[in-house]
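Engineer: So the chains spell out like this:
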Amino acid sequence: MSQSAIAAVTHHEVVMEASPYAMDKKKLGMWVFIVSDACSFAAFLFAYGYMRVGAPVWGTPFGFSSILNGVVMTAVLLSSSLTMLAATHASQTGEKASAGKWLGITMLLGTIFAALHLREWFKLIAEGWRLFYNPAGGAAQFGAAFFSVTGLHLTHVVTGVIVLAFIARGYRQGRYDETHVETAGLYWHFVDLVWMFVFPLMYLMNAH
Amino acid sequence: MAGKIFAVVVALITIVTAYCVIAHVWWMPVDISVHGPKIDHQIEETVLVAGLLFIAGQVVLAAFVFLYGGARNRIKQIPGGAKPLIVFAFLLVGTEIVALSFIGSKAWGAVYFEAPDPASMRVDVQAGQFAYYFRYPGPDGKFGSLHPDLINEGNQNYFGLDTDHDADAKDDIVTAELAIPVNKPILLTLHSKDVGHSFYARELRIQQDFVPGLNIPVHFTATQTGRFEIVCTQLCGLGHYNMKAYLSVLSPSDFDDWLRKQASMQ
Amino acid sequence: MKAQLRIAAFTLSLLLVALAFIRSAPTVGASATGQIVGTIKLDGQAPHLKPIDMSKDPACAQANGGAPVAAENVVVGANGGLANVVVYISQGLAGNEGAISSQPATIDQRGCKYVPHVVALNVGQHMTVLNSDKTAHNIHPQPSPTGGNGQWNKSQTAGAGPIDVAWANQEVAIPVKCNIHPWMRAYIAVVKGPFGVSNDTGSFRMDNVPPGTYTLTAWQETFGTQTQVVTVATGKPATSDFTFKAK
Amino acid sequence: MFAATAEKNIFLGVKIMPATAAQAAVHHAPPQGFIRKYIFSVDHKVIGIQYLTMSLVAVFVGMALSWAMRIHLAWPDAHIPLLGWLSPSGAPGGLMTPEYYLSLMTMHGTIMAFFVLTAAPLAGFGNFILPIQVGAADMAFPRLNMSSFWVTLVGFILACATFFIPDGPPLSGWTAYAPLSAVGSVAGPGQGWGQNLWGLSIVCFCIASLLGALNFIVTTLDLRTKGMTLPRLPLSTWGWFIDAWVSLLAFAVLLPTCLLLVLDRLAGTSFFIPSGLVINDQLQPHSGGSPLLFQHLFWFFGHPEVYIIILPAFGIVSHIMPTFIRKPLVGGWKVITFAEVAVGTLSFVVWGHHMFVSGMSPFMAMVFSVPTLFITIPSVIAVLVWVFSLYHANIRFDTPLLFSLGFVSLFISGGIGGFFLAQPSTDSYLHATSFVVGHFHFTMGLSAIFATLAGFYYWFPKMFGRMMNEKLGKVHFWLSFVLVYCVFMTMHLTGFAGAVRRYSALVDDFMVPLIPANKFMTIAALLLGATQFIFLFNAIWSRFKGPKAPNNPWDATTLEWDTTSPPPFDNFGGRQITVYHGPMEYDGEASVMQTSPAESVAGT
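Protein chains in written order, with the working numbering: chain A, 1 to 208; chain B, 1001 to 1266; chain C, 2001 to 2247; chain D, 3001 to 3604.
Honestly, the hints are just simulated from the structure, not real lab data. It is possible that part of the hints are untrue.
Among the chain C residues that face chain D by a calculated CB cut under 10 angstroms, a handful are [as the list claims (entries may be wrong)]: (1) Val2037; (2) Lys2041; (3) Gln2062; (4) Thr2135; (5) Asn2138; (6) Gln2142; (7) Gln2156; (8) Thr2157; (9) Gly2159; (10) Ala2166; (11) Pro2175; (12) Phe2223.
For glycine and all other residues, C-beta sits at the position ideal for the given N, C-alpha and C.
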């Protein structure tokens, strides 16, 4: 816990005793954020569902290749959750080196996920998909739904990778401690969890 | 002192308000629809229920403020503490609520759950910035299909009818005023060509939004002849306050004459 | 009643045409200038136009005595003369447009109609919009998105002051509508150089046309455009008549 | 275990390692320099005051807009030179155009609902008071806190900026119903960049509110000092805490809604725009969207929003009353808090009552009607608690209490209207009439304003170290109280005659007879507005010239009164605070500070 004491000292609350009710505020804050962010995703997915139900014909454009790509992405993201877990564990048992290594791998996997996803995007755009146009026939809003929902998730992934990079750096330099790693982990798992909703709803349900 | 003034002020406000409601200083206009009385009744019920709560609340508040100002009273809580309050709230308000919902659902159902009379006269309503237009099927009893791309208000094609090619559309009668025969079931279909609008006829006790992309049925039967206003109550743009049409409820014979006259002008 | 209105509209459009002449006076070039006159006719039966029901707004209905009002998409006068046709020089003027009149063109909203129904003016010439009605209007010109003239939409309540506008680019013709009274429709023809608008007898007149050979274009809101080549010399007015075929 | 180690570390840090202690002292020292101290300050007290100042500006702007609207309604031909100067196109020669009226209406709603009623009671007072009340030195995330304020301010500036763009502010109302708000400038003046700026402004406000809510929740749970168990939390803190949860969930939905709206406007998507729309004879390119989707998403936020506005008011009033009636509330902290939790929870399942006539399934209307009616039960319980707590009290009629009593009266009157609007059958007549306008001005508008004013008079001494003028305060209250009823009760009543809201002029045959009533309301509204300048003067004058305030001018018991006025940078001057009592230790003249070990005096 020695780092946290240092961390505490760098904050002007130090002259008052830590609250007896205190749990780690970063962690609590992250949980609260996750609750709120989940609502935002829910709103997006609700909009998607509402449009889908409302549309007379909702196209199912995704063929085998897209689904396969999606499955690979899913596998990558899931395993990144595992490596994140390993990183958290290592940091808690004080194995800084391996924690850093696992963080690195997690970032790598996250990047791969993003790359695969962007490839999918560019493929669709090349095929003529737009926010307002659907070359495969069916509801014109398919593009709007797909790009906005997956785009929001992609933003989360990219943000996550960047955050992890900062955490890893700070952690190596001893500015951050295992609680930072764990908090970042919470976020990462959440993004993973969201994908578990996005993938079936956006891909599987739209596969022909 | 302040307490006494407060009590008096609150009491006065309560009395004036109650008077205005009871004396119907401003009140609903004559009701000309078959379902209307149910809604009026429901409003009166609610006035009674809510009114009593309003008066009770303000009076008790005023009374306590009147009585317990200053430092001379022995502090004590009401007997039984909060329990009686909670019980009161749940029992009294709860029952009122349940009662209102039950009676209310009847009135609501009368407007929305009863299927329209199959013999109803059908009229199409097109709302747009900032006017209503009405369409009668004409002799063939069929409405021509709508082609949004043909809508051109400059040529008075408000519905987008293809009168050149569409036989059903040829004899459709489009009017700027909603005329209906008295005591005949009417079935309106509301559609908006641009943004959200609303169909508010106070005397019919009907308010229903137009939602772009939806066809919304409204059915009613008018019981009195006369000329009334239909106004828009859904913010639709700069001319919102100017968006209205007239509803004339006519005797069957007058209505036929009117319709013939309109047909001749198409 | 209707007749009176027609007469009113007629005299007014005459007045305006006259005004146009007076205004175009300053466009006299250094050289002496010629004149183009002509008549525009409609060949065939004028299409049936549904009379306008203004009962939506009592103020409008009253202004027209409660009777349905004739639409103005096609106005055919005595012996087939076609009114509200804009005639302008579409080719051959080559920068010799002459000065723009400092007098503003005027369009009035009276009886919930635009008077005149078609107004022509020069690029950059000012235009005054009046409201003589006891009700509010909104003036909403809808130039083509590509034409370079911006669209705008302003209300003009009863008794509100005039609105002054000018147009930056040639466009024949900009439709104008009033959303509060959807039946209202006017056209603004923004042209370079001399122009004329046909009156109820179908005759038009273009003054101060520099001598030369030109392509004339006549535009009517329903029947579209026609062109003719005409040569103008000083002294005697050149004549060019147009005939639109009824659809 | 964590806490224990933390304590140990601190203990070591302070006792044995002088270096760390010195370092701590340095870190604890307040920031130097004007900018860091008053502008980009991370101090929750400064941020709270910044929020309140912004809201004060906003409320007077909003009020001025309502003045212009009211004048136009009563005297449609009135020329208001100032308006003509502000917007030559919107009000040529000062004569307001219908579109400008709607623009003013839209911005009145937006500014009041977001930048006044949401910002002041929660973000303003919450920021200043909550950390002190739980015995913390600052919010959990001070930098985050600072950023929330600045993002809010950006939102406010964007909102105000709409007045200065050529087309003026949007005219689609604060609810911005699609497709009117989604199709762009073709729908009317202000629907171009005005609506875009509006959307961005709301997006900013959402983000700021979410960060703020997160901060409040963590602060309340995490930074409570020794002995500050949840039951001992002051009721105001309870209000803010519950409110933070509601806004955390509600704004999380408004944010995506606004984003989708902006996408529809700028990126050509069709979430909210159906096929085949013909606007001004132009066929719109969009296809397939649903206006009802927007309404569902908006009101899923929109209804909790009105409780986001009113819950802090509940808290503030429940906190102020015991101090001035010198006895605990009936049922102690439990009942009122339960009521607040119930209201907050139910508020998420009633949004459909805004859509009874919107084309939503009539069955859904009845489904939504029932919880809407049931939400009155906790509300009634709260009211009963406030009213019956006055029984056998020793009421001290200082201005804060007067405004609290005013709040209760207004909340009763407003709540009554709810019975009419919660039932589809009655709502179908009263929907979109001035009855609704009167109803929400009573419940969320003026109730919240009265509670905010009560809080302002109550905490002013703590915030600025000076007392406000009591006489002016009372004048302010009496005039406001009476005039508020004159304006908004009349609105309720004319609503029965079907007076349609959001009309820029009363031209319909059945509206014309209501013009006298509107003249009356306008005059009352003008006076009501004028009255607020008494308050403004009082606040500014007292800020500099008011008598010095003692630490605890009201014989209150909560932590904020156990420190200097204004409190030092770390709130308690480094003292270790320990709490022994609940917040309502009153028995007539006797009262016990939460921090005093003395034994309890409160009966219940």
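Engineer: Against each hint, give a clear statement of whether it holds in the structure.
Structural biologist: Hints, verified against the model:
Interface restraint check: valine 2037 of chain C against chain D, minimum CB-CB distance 35 angstroms, threshold 10 angstroms, status violated. About 29 angstroms separates the beta-carbon of lysine 2041 of chain C from the nearest beta-carbon of chain D, more than 10 angstroms, and the hint is not met. The interface hint given for glutamine 2062 of chain C is broken, as the beta carbon of that residue sits about 13 angstroms from the closest beta carbon of chain D, more than 10 angstroms. Hint status for threonine 2135 of chain C: holds, given a least beta-carbon distance of 8 angstroms to chain D, under 10 angstroms.
Checking asparagine 2138 of chain C against chain D by beta carbon gives a least distance of about 8 angstroms; that is within 10 angstroms, so the hint holds. Satisfaction of the interface hint for glutamine 2142 of chain C is found here, the shortest Cβ-Cβ separation to chain D being roughly 6 angstroms, below the 10 angstroms cut-off. For glutamine 2156 of chain C, the interface hint holds, since its Cβ comes within 10 angstroms of a Cβ in chain D; the closest pair sits about 8 angstroms apart. Using the Cβ-Cβ criterion of 10 angstroms, the hint placing threonine 2157 of chain C at the interface with chain D is satisfied: the shortest such distance is roughly 7 angstroms.
For glycine 2159 of chain C, the interface hint holds, since its Cβ comes within 10 angstroms of a Cβ in chain D; the closest pair sits about 6 angstroms apart. Below 10 angstroms, beta-carbon pairs count as interface contacts, and alanine 2166 of chain C has none with chain D, the closest being about 15 angstroms; its hint is therefore violated. The beta carbon of proline 2175 of chain C comes within 8 angstroms of a beta carbon in chain D, closer than 10 angstroms, and the hint placing it at the interface holds. Because the beta carbon of phenylalanine 2223 of chain C sits about 19 angstroms from the nearest beta carbon in chain D, more than 10 angstroms, this interface hint is broken.
Checked against the numbered hints listed earlier, the structure breaks hints 1, 2, 3, 10 and 12; every other hint is satisfied.
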